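**Q** Here the protein sequences come in this chain order: A and B. FYI, in the working numbering the residues of the first sequence are 10 to 548. FYI, in the working numbering the residues of the second sequence are 186 to 508.
It should be emphasised that the hints constitute simulated quantities derived from the structure, not laboratory data. These numbers come from a predicted model, not from an experiment. Beta carbons: idealized from backbone N, C-alpha and C, even for Gly. Be careful, since some hints might not be right.
Claimed, not checked - Simulated restraints on C-beta separations:
hint	chain 1	residue 1	chain 2	residue 2	range
1	B	503	A	209	26 to 36 Å
2	A	388	B	372	52 to 62 Å
3	B	417	A	388	35 to 45 Å
4	B	417	A	39	49 to 59 Å
5	B	312	A	32	19 to 29 Å
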Amino acid sequence: MTATPAVSIKNLKIALPKSAERPYAVDGVSIDLIPGEIVCVVGESGSGKSMCAHALMGLLPDTVKTETGEVLFEGQNLLKLDESGWREVRGRGIAMVFQEPMTALNPLMRIGEQMMEMFEAHNLLTPKERRAKALSLAKEVGLPDPERIIRAYPHQLSGGQRQRAMIAMALALEPSVLVADEPTTALDVTTQAQILKLIRNLQRSRNMAVMFITHDFGVVADIADRVVVLRHGKIVEEGSIDAVFRNPQHDYTKALLAAVPSMHPPVRASLDENAKAVEVIGLDKTYVTSGGWFKPDRRVQAANEVTFSIMQGETVGLVGESGSGKSSVARLVMRLIEADRGTVRIGDIDLTALEGKALRAQRHRIQMIFQDPFASLNPRRRVGQIITDGPIARGTDPKVAMQRARDLLGMVGLDAGSLDRYPHEFSGGQRQRLGIARALAMDPEIIVADEAVSALDVSVQAQVLKLLEDLKARLGLSMLFITHDLRVAAQICDRIAVMQRGVIVELKPTAQLFASPEHPYTRELLGAVPGQSSPSQAA
Amino acid sequence: MLSFVAQRIVKGVFVLLAIIVMNFFLIRLAPGDPAAVMAGEAGASDEQFVQQLREKFSLDKPLPEQLFIYVKGVVTLDLGFSFRQQMPVAKLIAERLPATLLLTLTAFGISLLLGITFGTLAARFAGTWADTAITVSALLFYATPIFWVALMSILLFSVYLGWLPSFGYETVGGNFTGWAHVKDVALHLVMPAMTIGLFFMATYTRMTRASMLEVKRLDFVKTARAKGLRDNIIQRRHVLRNALLPVVTLAGVHSGTLVGGAVLTETVFAWPGIGRLLYEALLQRDYNLLLGVFVVCSAMVLIFNLVTDLVYRLVDPRIEFAS
């Protein structure tokens, strides 16, 4: 590259506190951000990618220390700036967009006020001009009905609208550099596609240098000009998008790329001949929020005439965007919540007709693995207790249950010594294995996995998916697999049901669904999956 | 919003009715015959006089009818007659209410103002000696019994230093008018108001501090910094405003109890308010007066709760009036 970089990070070293696992969060990283170019910094959690982003804004947490290195911007080393110097740069020279637009906006301030603050912070324009500018920014980022939006509070906007508002804010002062820290991770896939396009367009029209932090190779493929792969705070590979995707040099990059699930489902034998493990007939569920005495109730239909079945040994995927009702259906099937209407049969038992003791006696047959490996394990109980609670409640002798827990830990790839430890001593992937062991301890016939791999890094995700497949085959389990990630669904599901606003709009064998989607919403979802146009197709 | 207020008022009336019914039966649970007690206290014990009293207070009628008469009285703001004070209960309370409201609202204002200020300072300088000094003194005020603080401040400011009057609402026989009267009452107000105020101040200080430290870590504060905003604007506009939400909740809970909660302070400082009226009614077994004070205090709690809800909805746009 011959162009002058807008920002140069040179040999940046950020020290972690002494108690940390490694001495440096960022270890000798150098990155040039060039006007008109998007650099994607990719890596798994803990790779130091967010630290790099925060260092550019002088927003590093107090616990870490910049040891050596320079961040050169407009002829000065930003790392030498004092607080007031930083304030000049922030927003005006370098602006930032954060991951979670809900929490990144002040809930008590109107969107417009928060945009106008940008000008106020740098003493620009009169209040009236600021308002006009906020309005035009809202228009520029494609917010519908901008007059209303700038008067709205964050909670009144959708996730995509909030992120657009964040972007509008970041661009208010026409910075030459934009730092985007996982800006689409919290969004639905169709919204993500729109936001990526927006960032691309704005970056081109303003000739900005963009540093885009992400863990998602699909997103990288769609947006990056250049890629920097980080691992344990060090750059392991760097190059143009084509070079890195077509011809990755470092083993780690290769492994990461290989771990991205492919959009091409493998061939799977039909299981239609098998007996039905679960049969769901006409499930209805409407959530009613009381509107008070003088206002009508608010109703959200989470399940509308939901009908499907799962054959023995089959995995049925439930895909859809947030709010489509897929988690509600999972809970209805497990009878964790009550349906307004409809039947759930497990084998030849009508689960919806049972009550009290009879219901509890059947519960072990269908078990759940949850999304958040941190929140789904009681932090005050040892792993042994967590796994044996269910079996002991069913009347298993505690000693027998403990022995079985030991075996199960081996089965999910953890050592038996884990029994005496607490959940916080395990990594995210290990905790998800604990969650699987806990579910298996009940000798279930059916596993309901609710976004069970969504919170995991791609390499860990691949391992957990493989484990689930192995266990399923070995123990003859059936599975209801809920996910928003169509790549994952393609790899693990025999059939997929697409949900939109409480309705299953399409239900087909996986390969058929991907090859010839019929419903417009299915097509929209499939089209929005990032990374399909990449040089190597991300796999 | 109007429908919300109307709805809350209707609900409040029902709650108040329930409280009145409960209070009514409460007095019937007390051992002995109220008429006999009243007669005994009046120094007469012949059966005829007691019967007269029963008739006068409708005690000879069946319980449901008595309840009906009492509720009817309350609805028309007739809270009965205080035998001991020889005055209608409503009039007694109406005389005392302004003094109590003056005391408690002043104390409330002081506690909020100082509590939020000190809490903000402590959070701003968290971990320094200033923070330690503030939190330790807050703990001290919180842990010390109110009456002891009251007695000690009388000793210090009235007896030794002679700066402030030690009791009452105004100088007896002072007959001040205009600004001199205001000043006289204000001087009398200082100690009792501070005594109550300091206790509540301590809770607000600690709450504000904890809440601010929590909010400081949230993402939108980072967004604010990324805009290049000055620190004092970030602290005020982004941190403090969000941190005040739990303080408003706590203050709401406190505000309801302020009317009846000043019993100790009013007694120690001989403040002529509802609290002392309640204390006297208790000592003298003045049942009608006791009941009347309960009803008024309950009504105050309901009113303050409504006000808190309205304030909360004003400061937090996420709460809608309908829900």
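**Q** For every hint, state whether the structure bears it out.
**A** Verification of the hints:
1. Checking the proposed 26 to 36 Å range against residue 503 of chain B and residue 209 of chain A shows it holds: the Cβ atoms sit about 33 Å from each other.
2. Separated by about 56 Å at the C-beta atoms, residue 388 of chain A and residue 372 of chain B satisfy the suggested range of 52 to 62 Å.
3. Separation of residue 417 of chain B from residue 388 of chain A is about 38 Å and conforms to the stated range, judged on CB atoms against 35 to 45 Å.
4. Between residue 417 of chain B and residue 39 of chain A the CB atoms are about 36 Å apart, so this pair departs from the stated range of 49 to 59 Å.
5. Taking 19 to 29 Å as the suggested C-beta distance range, the pair residue 312 of chain B and residue 32 of chain A conforms, at roughly 25 Å.
Checked against the numbered hints above, the structure violates only hint 4.
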